[in-house]
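K.L.:
Residue numbers (this note's numbering), protein chains in the order written: chain U, 1 to 279; chain X, 1 to 279.
Treat the hints as calculated values from the structure; they're not laboratory data. Do not take every clue at face value.
[What the hints assert, rightly or not] Pairs of lysine to any residue residues, derived as SDA-like cross-links and limited to a Cα-Cα distance of at most 25 angstroms, are as follows:
1) K234/U <-> K234/X
2) K234/X <-> D117/U
3) K261/X <-> D44/X
4) K116/X <-> G199/U
None of the values given here were measured: they were computed from a predicted structure.
2 protein chains.
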Amino acid sequence: MTGYDVQVNGLSINLATVRQQYGFAAAVDACLAQGITAIAPWRDQVEAIGLEEAARIVRLNGLRVTGYCRGGMFPATDRAGLDAALDDNKRAIDEAAALGADCLVLVVGGLPGASKDIIAARGMVADGIAAILPHARAARMPLAIEPLHPMFAADRSCVNTLEQALDLCDVLGDGVGVAIDVYHTWWDPKLRPQIARAGRGKRILAHHICDWLAITRDLLLDRGMMGDGVVDLKRFRADIERAGYHGPQEVEIFSALNWWKRPGEEVIATCIERFRTVC
Amino acid sequence: MTGYDVQVNGLSINLATVRQQYGFAAAVDACLAQGITAIAPWRDQVEAIGLEEAARIVRLNGLRVTGYCRGGMFPATDRAGLDAALDDNKRAIDEAAALGADCLVLVVGGLPGASKDIIAARGMVADGIAAILPHARAARMPLAIEPLHPMFAADRSCVNTLEQALDLCDVLGDGVGVAIDVYHTWWDPKLRPQIARAGRGKRILAHHICDWLAITRDLLLDRGMMGDGVVDLKRFRADIERAGYHGPQEVEIFSALNWWKRPGEEVIATCIERFRTVC
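Work out the full structure: start from the sequences and follow the hints.
P.N.:
The structure is reproduced here in structure tokens:
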């Protein structure tokens, strides 16, 4: 353990938040320097340093890995594409297990190729998760389906509401749950009852935070820092807690227009300050 | 009636589609020149030429007005703001009636001021529509609640799914219905059953078309021409028809990045061609 004075409990940094500033090891150092002992890395970040070295750093520092990003991307235009996706997801499960992650986050994929059939894509997603689920169960690695904002339905995820994700969990059974990200779900008229439903079913595996900026300039890379947008984060968290989930809040901010341009130390310090004041 | 040869049945042009090219009268001329006899104008376009003159042009040419854009924007930070919104909506109802429109489209509004309370905003919307409904009923002007894509929840509309809009209709009773725009609703996992529900309740007042571009560069002003995106428009229309709505398909394309830069004649010709081939 290294020399931080005060540990920041209940806060995890998804390393995408500082992906332009740091590689895996430097990001961990920067988190530890400010007392953060929970992270969520991405596969490319782990691959760059090597899985064994990443796992060693996690163990050595007693880090909690609140999620591993990411599996998914099931819809494909042919059998070979689907098989490749399934194989890749099994590798991601093994990597998540090696890192001791709480869950593997699934961004399930959108429309394959030139398809306009979102109902078929959703069927491929259900079949794909069912196909990797035995592998995940054997590895004791929970799969966290992350419903993505409807603006990503075409290109990233055809699972777009918490209700839809929970319906999928009901079909799939044990070993799957949801990652609930405020960015993707804050607008949903059925949010509160569906969070409660997720809690009843013990399906909440992760809680991601950031903020929705009232003026959003880019669909993918203009997420806001907590407090800079319109989401009532305290109320959201209260609903999550009431549903029985008391795990860390994981900050995940893709911000090519702002935070990725700032020093990583400043970004992490701001995450901590906002976590303490507005979350 | 002027000199077009073939009338294009079943297609309406929302005049926002050519708002950079034409004022009201020139837009009507451009539509008639290609056989289109249904339009949907915006309040600023009508105001620029004057309500009486606009109504005269509509009557003289036997135009169908498939909707008048728009009322709504109810949430306010204080009583004065709310009262102003209600007064403005009543004027919009009267204007729609003067034009003989099929309905007044309501874009209900987002979060007022610095509010982060979307549930309160939704309450203001329900109260606001209830407050203007007697005026609308007296004018025999149906109010079409248009659920807007969730990416507009903060700034334009806190009604974001068809299910939510229909729940609101159930509470409000007669004189309200929905405008179903493919752009705002195509992603919805509950779309088909909710279209069917809307049909059973005789709630479908308008059907707007355009397309969702797989690569969308701007949240507001990058809508696609039918056929250029990912929406299965024939299937969508089949669901609308099956639900008992056989009115025109109304093209509404906000496209600062493409179609607003092209000659209006080309835009209208393309709408007709795509309407005939992919809708």
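K.L.:
Each hint needs a verdict: does it hold in this structure or not?
P.N.:
Hint check results:
For the given pair, K234/U sits about 44 angstroms from K234/X by alpha-carbon distance, which is inconsistent with the 25 angstroms threshold. For the hint pairing K234/X with D117/U, the CA-to-CA distance comes to about 11 angstroms; that is within 25 angstroms, so the pair holds. The hinted pair formed by K261/X and D44/X meets the criterion: a straight-line CA distance of about 20 angstroms does not exceed 25 angstroms. Only pairs whose Cα atoms come within 25 angstroms are accepted, and K116/X paired with G199/U is accepted, the gap being roughly 24 angstroms.
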